[in-house]
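Hey, can you work out the whole structure from these sequences and the hints?
One line per chain: the protein sequences are A and B, in this order.
Under my numbering, the first residue of the first sequence is numbered 1, with each subsequent residue one higher.
Under my numbering, the first residue of the second sequence is numbered 267, with each subsequent residue one higher.
Read the hints as simulated data drawn from the structure, not as lab findings.
You may find that some hints are simply not true.
[As the list claims (entries may be wrong)] Which residues of chain B face chain A? A few of them, derived with a C-beta cut under 8 Å, are:
{"hint": "1", "residue": "336"}
{"hint": "2", "residue": "426"}
{"hint": "3", "residue": "458"}
{"hint": "4", "residue": "460"}
{"hint": "5", "residue": "487"}
{"hint": "6", "residue": "512"}
{"hint": "7", "residue": "513"}
[Stated by the list, open to error] Below, in silico cross-link-like pairs of lysine-lysine (DSS-like), each with a Cα-Cα straight-line distance of 27 Å or less:
{"hint": "8", "chain 1": "B", "residue 1": "340", "chain 2": "B", "residue 2": "461"}
{"hint": "9", "chain 1": "A", "residue 1": "24", "chain 2": "A", "residue 2": "81"}
{"hint": "10", "chain 1": "A", "residue 1": "24", "chain 2": "A", "residue 2": "82"}
{"hint": "11", "chain 1": "A", "residue 1": "32", "chain 2": "A", "residue 2": "87"}
{"hint": "12", "chain 1": "A", "residue 1": "105", "chain 2": "B", "residue 2": "424"}
{"hint": "13", "chain 1": "A", "residue 1": "210", "chain 2": "A", "residue 2": "82"}
{"hint": "14", "chain 1": "B", "residue 1": "483", "chain 2": "A", "residue 2": "105"}
{"hint": "15", "chain 1": "B", "residue 1": "340", "chain 2": "B", "residue 2": "501"}
{"hint": "16", "chain 1": "A", "residue 1": "140", "chain 2": "B", "residue 2": "483"}
{"hint": "17", "chain 1": "B", "residue 1": "341", "chain 2": "A", "residue 2": "96"}
{"hint": "18", "chain 1": "A", "residue 1": "105", "chain 2": "A", "residue 2": "164"}
{"hint": "19", "chain 1": "A", "residue 1": "210", "chain 2": "A", "residue 2": "81"}
{"hint": "20", "chain 1": "B", "residue 1": "501", "chain 2": "B", "residue 2": "443"}
{"hint": "21", "chain 1": "A", "residue 1": "126", "chain 2": "A", "residue 2": "164"}
{"hint": "22", "chain 1": "B", "residue 1": "424", "chain 2": "B", "residue 2": "483"}
{"hint": "23", "chain 1": "B", "residue 1": "483", "chain 2": "B", "residue 2": "416"}
{"hint": "24", "chain 1": "A", "residue 1": "96", "chain 2": "A", "residue 2": "77"}
{"hint": "25", "chain 1": "A", "residue 1": "126", "chain 2": "A", "residue 2": "77"}
{"hint": "26", "chain 1": "A", "residue 1": "24", "chain 2": "B", "residue 2": "341"}
{"hint": "27", "chain 1": "A", "residue 1": "210", "chain 2": "A", "residue 2": "265"}
{"hint": "28", "chain 1": "A", "residue 1": "96", "chain 2": "B", "residue 2": "424"}
{"hint": "29", "chain 1": "A", "residue 1": "24", "chain 2": "B", "residue 2": "340"}
{"hint": "30", "chain 1": "B", "residue 1": "461", "chain 2": "A", "residue 2": "24"}
{"hint": "31", "chain 1": "B", "residue 1": "424", "chain 2": "B", "residue 2": "371"}
Backbone N, C-alpha and C fix where the C-beta goes; we use that ideal spot for every residue, glycine too.
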Amino acid sequence: MGNICVIGPRASGKTTYLAALAYKRMTIGKSKQFNIIPLNDDSREIAEKAENIICQGESFEPTRVESVDTLPDYSFKIAVKKFPRIKEESFQLVFKDYPGEVFEKIAESDAGDAIQEEFIEECFRKDVEGCLILFSDWIKGTDNHYNRIINRFLELMDSHDRAKDLRLAVAMSKCERGELWSGRLDPETDLFNRHLPMTTATLREKVTPKNIRFYAISTFGVLRRNDPRPNRIDEQGKSGQASVLREIPRWQPYNIIAPLYWLNKG
Amino acid sequence: MGVIYIGDRETGKTSLAMELANPNSHYVKVTHPDYENLKVMLYDDAEGRTKATDASQALYDRALEIQVELPTGKKEILLEWLDTPGEIWRTRWQQADENQPEWQKFLGSIVDSEGILLVVPPYREIISGANREDYITQQQWCNRFERWVKFFRQDCPKVRHLVLCLNKADLFCDVNKEASRLEYSPNRSPMTWQKRNAYVMQRYFRPIQTQIEHLNKNISGLAIRCFITSIHNRKLLELPWIYLGSFLAD
Numbered sequence: 001m002g003n004i005c006v007i008g009p010r011a012s013g014k015t016t017y018l019a020a021l022a023y024k025r026m027t028i029g030k031s032k033q034f035n036i037i038p039l040n041d042d043s044r045e046i047a048e049k050a051e052n053i054i055c056q057g058e059s060f061e062p063t064r065v066e067s068v069d070t071l072p073d074y075s076f077k078i079a080v081k082k083f084p085r086i087k088e089e090s091f092q093l094v095f096k097d098y099p100g101e102v103f104e105k106i107a108e109s110d111a112g113d114a115i116q117e118e119f120i121e122e123c124f125r126k127d128v129e130g131c132l133i134l135f136s137d138w139i140k141g142t143d144n145h146y147n148r149i150i151n152r153f154l155e156l157m158d159s160h161d162r163a164k165d166l167r168l169a170v171a172m173s174k175c176e177r178g179e180l181w182s183g184r185l186d187p188e189t190d191l192f193n194r195h196l197p198m199t200t201a202t203l204r205e206k207v208t209p210k211n212i213r214f215y216a217i218s219t220f221g222v223l224r225r226n227d228p229r230p231n232r233i234d235e236q237g238k239s240g241q242a243s244v245l246r247e248i249p250r251w252q253p254y255n256i257i258a259p260l261y262w263l264n265k266g
Numbered sequence: 267m268g269v270i271y272i273g274d275r276e277t278g279k280t281s282l283a284m285e286l287a288n289p290n291s292h293y294v295k296v297t298h299p300d301y302e303n304l305k306v307m308l309y310d311d312a313e314g315r316t317k318a319t320d321a322s323q324a325l326y327d328r329a330l331e332i333q334v335e336l337p338t339g340k341k342e343i344l345l346e347w348l349d350t351p352g353e354i355w356r357t358r359w360q361q362a363d364e365n366q367p368e369w370q371k372f373l374g375s376i377v378d379s380e381g382i383l384l385v386v387p388p389y390r391e392i393i394s395g396a397n398r399e400d401y402i403t404q405q406q407w408c409n410r411f412e413r414w415v416k417f418f419r420q421d422c423p424k425v426r427h428l429v430l431c432l433n434k435a436d437l438f439c440d441v442n443k444e445a446s447r448l449e450y451s452p453n454r455s456p457m458t459w460q461k462r463n464a465y466v467m468q469r470y471f472r473p474i475q476t477q478i479e480h481l482n483k484n485i486s487g488l489a490i491r492c493f494i495t496s497i498h499n500r501k502l503l504e505l506p507w508i509y510l511g512s513f514l515a516d
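What follows is the structure in structure tokens.
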């Protein structure tokens, strides 16, 4: 069973992404290509939350933590059938969803509280196959901020002897936004290079090429194939940090399984 | 996970809780204690009204088990109903030596709370029909809310869901019309929570909209949702609890 850490700054959409995976009825729809089966109570619970909260036009609360041990483990079986006559491939994944502030804190020189240490130890354990790193912002100063975090993250990865065998799927999340949607087909060039050039350069330079891939994902998706308006509304009064679905029946995420498949299969 | 249930005097907190237990329900049921028991505890038959909560004790810790019907089925919430008399919000009461133990006990309960339901009364300017002079003016209402803001910021650092209920909605709107507009259905509600909140906020909470936005930005991870409630309309009465149940139910 593959262990995956889902990490990223605050409000980058980590929990909502996991909820979309768990809530396959809406998000995968009638697709015969994929099937996702929640395997434990935590993943069934987050699927229910997706239905009770996201499908009722609300957004999740920010993840908070007092100890890494109290974080839920989400376990799924993902089955992929690439072609009709070829036997489906399936793999099981276990996810830990870390609060964004824990990830952001690793760039601070005085960091070092217990949660921080637990987070680092968990992330770089030998049985972790890879990390899915979500980024969502590119406003002025963000690239610099992300770059500092990534530099520190890669140092820690090296010091934990994981530099050569930990896969990193780096994804721009919330790609339903108009400024990003058109760049989804070549995310490395049109999203990362363009919006986060320093962070991208650091990752390319310091990570073995076979261990890194760039992705564009969208948990909410767009309204229709020929109506690419984002299927989201930014909430008023929450500093633009929380978004809700605009048209619930049209909830169709984009590309949420590809990074997991690569993290597991290479 | 405890939900704190607070409000000033005479805002109708006890009546709301008692009416919630009325067996004639839609999607929210109080499964324990039952309506008759709650009525004995809270209703004064001789006076024909709910008993005023006694100020000699700041904290009434009553456990309510509530069943909420959500889209994924029926869920249970164990509600820790910490009812307080309105007096405890008076600075003079809080500062009196004899009240210190009760006040500190209350603060101790609230500091870790993640859900707070605040019941506020209507203000004079929006009331039509009833005796308007019995209610505070809009300016006083805004000033009072500012004190709540200070309280939430100082004493409730962990609150994640703050539900504001503008009570006695029958005094200021057509409750049936508003109830059908805001109605909840587990299968397909006409409005999402986000739209309900935007509508109620714009229409009824406008005088304190800036303060609400300010508070939202000041407590990290806080979501504030506005509701109108009335004991005369079951649909409106249930909405805040369904909202809280979506996040807090097991």
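**Prompt:** Does the structure break any of the earlier hints, and which numbers would those be?
**Reply:** none
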